[in-house]
Every structure is written in structure tokens, then in C-alpha cells.
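Visitor: Each chain is listed here by its residues.
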Amino acid sequence: MSAKPQPGKDNFTRNLVIGVVLGVVLIMLVPTVISKQTKSSAKIPASVSAERGYGIVFNGDLKSVPVIDLYEDFQCPVCAQFEGAQGQYIESLIAEKKATVVFHTLSFIGTESIIAANAAACSADEDKFLALHKMLYQTQPKENSGAWTNEALVAAGGSVGIKSKSYKECVTNGTYADWVSNVQASAAKANVNSTPTVFINGKEADRNDYYDPARFAAAVERG
Amino acid sequence: MKAVMPWLGLLSRLVLGGVLLAAGLLKYQHLDKSQMAVRAYEMLPIAVANFIGIVLPFAEIGLGILIILGAGTRISAALGSLLMLVFVIGISQAWARGLSIDCGCFGGGGQVEPGTANYLPELLRDAGLAALGIYLFRFPQSKFALDKSPQSPNLEKGI
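If you read the sequences in order, they're chains A and B.
Take 1 as the starting number for the first sequence in this note's numbering and just add one per residue.
Take 1 as the starting number for the second sequence in this note's numbering and just add one per residue.
Okay, chain A solo, but in the shape it has when bound (with noise of 0.2 Å):
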């Protein structure tokens, strides 16, 4: 063997670098741990409710209907035929008033899905959150493609009708960004492990319903 091993020589650099490692990774840990508890200091949108997994709540005072909760995220192709199969019919179920429906926006695909769910959020605060929702899902783009930028957001408001300047602020401010963090901490404590992810009156719906209009229909009104 070559290099023979030098008892005398110490371990000096190799002692430095395991200490710097280990320094820098607990360094990053810490903080980033921190970052994913729910911040109670998150600014709201209108008709959000904490207990009910800071999702985006229609109907929320109706007693004696199901309760449907959705969570889903906006970069999610999957999602985007689900609302396609389902979307109407949640839609009238909210505006017939025969089921208290909770949007829960997650943000784990990416930084788009962040700032789409943070938008979705400025549009609830002027009552168009139901067709921002599926204008954006209309127009989805690739994940992560960078074609979602804040810009893109305020036109895709435009074109749903929502030309007011506090939305444009909302959006550009990212106003709601600790509140998408927080619908997202909530979704992880509710064990949802893929989006899009139905849950009528607390229960996991059968996954195979999801994109069978009878089916869905059916289950939601077994409740």
C-alpha cells in the first residue's frame, strides 16, 4: 500500500470539514423546520376559515349539507381533469347551496403553484375566486414552466372580469404567501398525499369516483 498511514499526523482538515458540514446543514434545518409550522400571524383571505384547514370556504354556514373539501393544487394536470369532469357540478352545488364546499389550494409542485394559489386568494377577496379557479385551470401550462408569473396572473384575473387595482397589488405583493404555506402545513397534518385528494364529510372519497360524473354525484350525496 502506498500510502502508508501516518499515526502521527492529525486529522486535522478532515475534523474541519465533518465540523462544517454538519454546522451548515443544522444551520439550514433549523430555520427551514421553522418555516413549515403554521404561522399565526398569516394574513387571511375573505372567507377563509383556520379550522377548517385555512381552505377557501362557499356555504360554510349552511347545517345539514355535505361538507366537501378539495385540495388540490393549481399546477396538478390530474386536477385540472378533475375540474374539468367535476367542476360544473361543485359549481352549482355551491351556487344551489346544497353543500358547503372547501377549496384547499396547496403549493407542493412548485413555485408557480405558490404564487397561482396566493392569486386564487387575491380573487376570493373580490368574490371571483370560483372563476379565476377555472380559468386557471383551463389554461394550465406545463409544471414548473415559468409561463405562471405574477404578471400572468393579474391578466388571467382580467379576463375573468377582475380589473381592481388592490387584486393587481395582492398579486404582485404576494399578500397571502404565508397563508398558502399555511394551507399546505394543514393539508400535511390531514395526510393528504396526492393532489387531487376529496374529502366528503371528513371521509376520504373512493379515488375511483373522482372523474365519473354519476359516481361522484352519488357519493356526495351519500355524504
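It is worth saying that the hints were derived from the structure and are not from the lab.
Remember, it's a predicted structure, so these values are computed and weren't measured experimentally.
All C-beta atoms in this analysis are idealised placements derived from N, C-alpha and C, irrespective of residue type, glycine included.
There could be a bad hint or two in this list.
Derived lysine to any residue pairs resembling SDA-like cross-links, with alpha carbons at most 25 Å apart [claimed, not checked]: (1) Lys39/A <-> Gln29/B; (2) Lys128/A <-> Pro141/A; (3) Lys189/A <-> Pro114/B; (4) Lys203/A <-> Cys105/B; (5) Lys128/A <-> Ala95/A; (6) Lys142/A <-> Ile46/B; (7) Lys134/A <-> Thr175/A; (8) Lys148/B <-> Thr13/A; (9) Lys163/A <-> Asp125/A; (10) Lys97/A <-> Lys142/A; (11) Lys203/A <-> Gly115/B; (12) Lys36/A <-> Ile54/B; (13) Lys142/A <-> Cys105/B; (14) Lys148/B <-> Lys163/A; (15) Lys189/A <-> Ile52/B; (16) Lys203/A <-> Met43/B; (17) Lys36/A <-> Lys143/B; (18) Lys189/A <-> Ile89/B; (19) Lys39/A <-> Pro114/B; (20) Lys143/B <-> Leu16/A.
Some chain B residues flagged as far from chain A (calculated, every beta-carbon gap over 12 Å) [what the hints assert, rightly or not]: (21) Ala22; (22) Tyr41; (23) Ile134.
Just so you have them, the derived chain B footprint on chain A, three or more residues with Cβ under 8 Å [what the hints assert, rightly or not]: (24) 80-93; (25) 190-198.
Following the hints, position chain B against chain A.
Guide: Frame of chain A, contents of chain B only:
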């Protein structure tokens, strides 16, 4: 053989360390997804799984760097192997229980459509990586490592 082994050690370090580092960096970019992946194994209470989902990428990055550099080779390789064995257990139990999940080994993870999960290649890969770590634990001396002195004193005679 004696002359080749330090080179084998180097190769093992680069493969095991490289895989850990790459896996850690990919997970680090999507920590929410990483938490999702750990939850989907349905082995741990949700709060614990969420915590592991954040810590694991950091642990993989740290171990990966140390193994590649050959700093504290024995301990870091042993921990790397242990991690791989934990993954083997996790994937095996998911397979045995009929869960349909993405292992989330290199980012990604969570539930997948039933029938699309493919566990065998993942198990073989992780078992192979565990074997590399065990080799390094047994024969920690390798080329271009930061470790200077042999950590196992009778290694020279032992081989």
C-alpha cells in the same frame, strides 16, 4: 487485491455518496413533496412523518458530502447503509401491504395509481447501496479520502 481495494473503496464512496447527495438535493427542492412521500408509507404518526420528511433530505446531503470526501468514512458509511436498510424496510412493507406509492427516493413521492408502483428495482438498488456502505465500514481505507489514519488499527494486517 490489496492494491485494488482502496480504489474499490473510492468507487463505493463515489456511488453511495453521490446517490445520497443527489437524492437529498432533489428532495430539498420540494420539501412538501418529501413530507408527502414519507407520509405515504403509512409507517409513522403523521406529525413524525412530516418531521422526517424535512430532516431526511438534509441528512442525505450531509452524509453524501462526507462519504464523497471520505471524511469519517466508517461512521458516515455505516449511517448511509442504515438509511438504505430503513428504505428497504419501508418499501418492503409498502409492497407487502399492497400500498400504491412512489418511493420518493429522488424527489416525487406520494400515492400513485394502483398497479403502477414498481418496487423490485428500488429494493435491489437500495440493497446494493447498503452493501457498498457495509463494504466501506469493513474496509474504510480508500483513495483520495480526507481520513488520514486508519480507523481500524489492525486493518493493515487484517486484509
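Visitor: Hints numbered earlier in the text: which of these fail when held up against the supplied structure?
Guide: Hint check: 4, 6, 10, 14, 17, 19, 22 and 24 fail, others pass.
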